[in-house]
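Colleague: If you read the protein sequences in the order shown, they are chains A and B.
The opening residue of the first sequence carries number 1 in my numbering; numbering runs sequentially from there.
The opening residue of the second sequence carries number 92 in my numbering; numbering runs sequentially from there.
No wet-lab data here; the hints were simulated from the structure.
Mixed in with the good hints, there may be bad ones.
[What the hints assert, rightly or not] The list that follows gives simulated cross-link-like pairs (lysine-lysine, DSBU-like), each with its CA atoms no further than 30 angstroms apart:
1) K136/B with K151/B
2) K281/B with K239/B
3) K257/B with K273/B
4) K141/B with K89/A
5) K70/A with K273/B
6) K70/A with K295/B
7) K136/B with K89/A
8) K59/A with K7/A
9) K149/B with K7/A
10) K295/B with K274/B
11) K89/A with K257/B
12) K149/B with K70/A
13) K281/B with K257/B
14) K274/B with K70/A
15) K7/A with K257/B
16) K59/A with K136/B
17) K151/B with K141/B
18) K257/B with K274/B
19) K295/B with K281/B
20) K295/B with K257/B
21) K70/A with K59/A
22) K89/A with K70/A
23) K151/B with K89/A
24) K59/A with K149/B
25) K7/A with K295/B
26) K257/B with K59/A
For clarity, every value in this text was computed on a predicted model and none was experimentally measured.
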Amino acid sequence: METNFQKIQQLLSLSDLSAQERDDLLVLLSGATDDELEPLALLFAEDSSWIRKISQNYKAKQAAFTGGSKAAWMELLKQEEYLLQDMAKEK
Amino acid sequence: MDSFEDVATTKEEVAPEMRQDVGAETKLEEQDGPLIPAEALEEEKGLLQKLEQLGGGKVKRVIASLVLGSALVFGAGTFEASAAGKETKGAGVEQVEKEKSREQIAVGLLERLSSLPDNPRFTDPVQQYLMKKQAARTMIQFYALQRKLGFPEGNISGHVSPQDIKEALDELNAASGLFADKKFGNNDGKADPEEFNKMLQTIKDNPGLESFMEMIRQFSGVR
Chain A
1 METNFQKIQQ
11 LLSLSDLSAQ
21 ERDDLLVLLS
31 GATDDELEPL
41 ALLFAEDSSW
51 IRKISQNYKA
61 KQAAFTGGSK
71 AAWMELLKQE
81 EYLLQDMAKE
91 K
Chain B
92 MDSFEDVATT
102 KEEVAPEMRQ
112 DVGAETKLEE
122 QDGPLIPAEA
132 LEEEKGLLQK
142 LEQLGGGKVK
152 RVIASLVLGS
162 ALVFGAGTFE
172 ASAAGKETKG
182 AGVEQVEKEK
192 SREQIAVGLL
202 ERLSSLPDNP
212 RFTDPVQQYL
222 MKKQAARTMI
232 QFYALQRKLG
242 FPEGNISGHV
252 SPQDIKEALD
262 ELNAASGLFA
272 DKKFGNNDGK
282 ADPEEFNKML
292 QTIKDNPGLE
302 SFMEMIRQFS
312 GVR
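From just these sequences and the hints, can you work out the full model?
Modeller: Below, the structure written as structure tokens:
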């Protein structure tokens, strides 16, 4: 049976992410259990536009973590808030 | 909106009545300083939980995916500070110098994966188990990087590809017979089926070895 990781790998291969971006995302996701990956696999399958959004979100989180600035992290949370409120608006 | 980076520029698109005062915006100006992973994760979870009410299943999946990303980024980044991280540090220069061959290095990692220490920060046994699983995955990723760079001395950093991880997993898998002999058998340097079976029987209760097996499955399709 196909794992969620393998499903995500397949969906990423069909996305417009560069090979490097796909690799970076897969390596990061390899730290998750297959159960934890289920929402992500479902999200990518139902709306492929989320592949790039999530990839960019994770990259931004890595940058915030590397920079170690709480202000950068709070800015990121603010963006997540807007993103979800935009989703509600589109409903 | 085409990308997450666009989100910051779209705030005026959201009608004021749809905005919810959930905290991130108001806290931004008053909070600067070092980023503390545990606090940052709690802040994000708190914020997103309040936003869950905005939508149905898709919103929940987005929220779960956002939180997962933070856990993975912080989990990998703070690994050395964790109890399990001490094990990885031990697997660095000093231990590599003692271990003569690549196979012995791989066996050493499998031994550490199979006996990850408890993290004193967590008292919940389920969380403890999950943290060990996460730690094991990070240790294997770190091993892939060490392997790629030729096990250099000192601090290392760099990029690993899925192929690098796959190769590292293959190497660990090849060493698992010797590990089973050492850990579950008579340590005669030969892997026999009985010893290997004993190892397999422990996997379901061993978070480190369970993660190792899961990663082998996950990366089986990587070429």
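Colleague: Decide, hint by hint, whether the structure agrees.
Modeller: Each hint tested on the structure:
About 12 angstroms separates the Cα atoms of K136/B and K151/B, which keeps this hinted pair within 30 angstroms; it holds. For a cut-off of 30 angstroms, the pair hint linking K281/B to K239/B stands: about 27 angstroms separates their Cα positions. In summary, the hint linking K257/B to K273/B is supported, as the alpha carbons are separated by about 24 angstroms, within the 30 angstroms threshold. With a C-alpha separation of about 16 angstroms, the suggested pairing of K141/B with K89/A holds against the 30 angstroms cut-off.
Among the hinted pairs, K70/A with K273/B is inconsistent with the structure: their alpha-carbon atoms are about 46 angstroms apart, more than 30 angstroms. Restraint check: the Cα-Cα separation between K70/A and K295/B comes to about 39 angstroms, which exceeds 30 angstroms; the hinted pair is violated. For a cut-off of 30 angstroms, the pair hint linking K136/B to K89/A stands: about 22 angstroms separates their Cα positions. This hinted pair checks out: K59/A and K7/A have alpha carbons roughly 21 angstroms apart, not beyond 30 angstroms.
The straight-line distance between the Cα atoms of K149/B and K7/A is roughly 18 angstroms, inside the 30 angstroms bound, and the hint therefore holds. As the CA atoms of K295/B and K274/B are separated by approximately 16 angstroms, the hinted pair is consistent with the 30 angstroms bound. Among the hinted pairs, K89/A with K257/B is inconsistent with the structure: their alpha-carbon atoms are about 43 angstroms apart, more than 30 angstroms. For the given pair, K149/B sits about 28 angstroms from K70/A by alpha-carbon distance, which is consistent with the 30 angstroms threshold.
Under the criterion of a C-alpha separation no larger than 30 angstroms, the hint pairing K281/B with K257/B is consistent with the structure, at around 25 angstroms. With a C-alpha separation of about 44 angstroms, the suggested pair K274/B and K70/A falls outside the 30 angstroms cut-off, and the hint is violated. For a cut-off of 30 angstroms, the pair hint linking K7/A to K257/B stands: about 17 angstroms separates their Cα positions. Under the criterion of a C-alpha separation no larger than 30 angstroms, the hint pairing K59/A with K136/B is consistent with the structure, at around 18 angstroms.
With a C-alpha separation of about 11 angstroms, the suggested pairing of K151/B with K141/B holds against the 30 angstroms cut-off. Only pairs whose Cα atoms come within 30 angstroms are accepted, and K257/B paired with K274/B is accepted, the gap being roughly 24 angstroms. Annotation: proposed proximity of K295/B to K281/B holds, straight-line Cα distance about 24 angstroms (limit 30 angstroms). The straight-line distance between the Cα atoms of K295/B and K257/B is roughly 22 angstroms, inside the 30 angstroms bound, and the hint therefore holds.
With a CA separation close to 16 angstroms, the supplied pair K70/A and K59/A stays within the 30 angstroms bound. Taking the CA atoms of K89/A and K70/A, the gap is near 29 angstroms; set against the 30 angstroms cutoff, the hint holds. Taking the CA atoms of K151/B and K89/A, the gap is near 16 angstroms; set against the 30 angstroms cutoff, the hint holds. Restraint check: the Cα-Cα separation between K59/A and K149/B comes to about 22 angstroms, which is no more than 30 angstroms; the hinted pair holds.
Between K7/A and K295/B the CA atoms are separated by roughly 24 angstroms; this keeps the pair inside 30 angstroms, and the hint holds. Annotation: proposed proximity of K257/B to K59/A holds, straight-line Cα distance about 23 angstroms (limit 30 angstroms).
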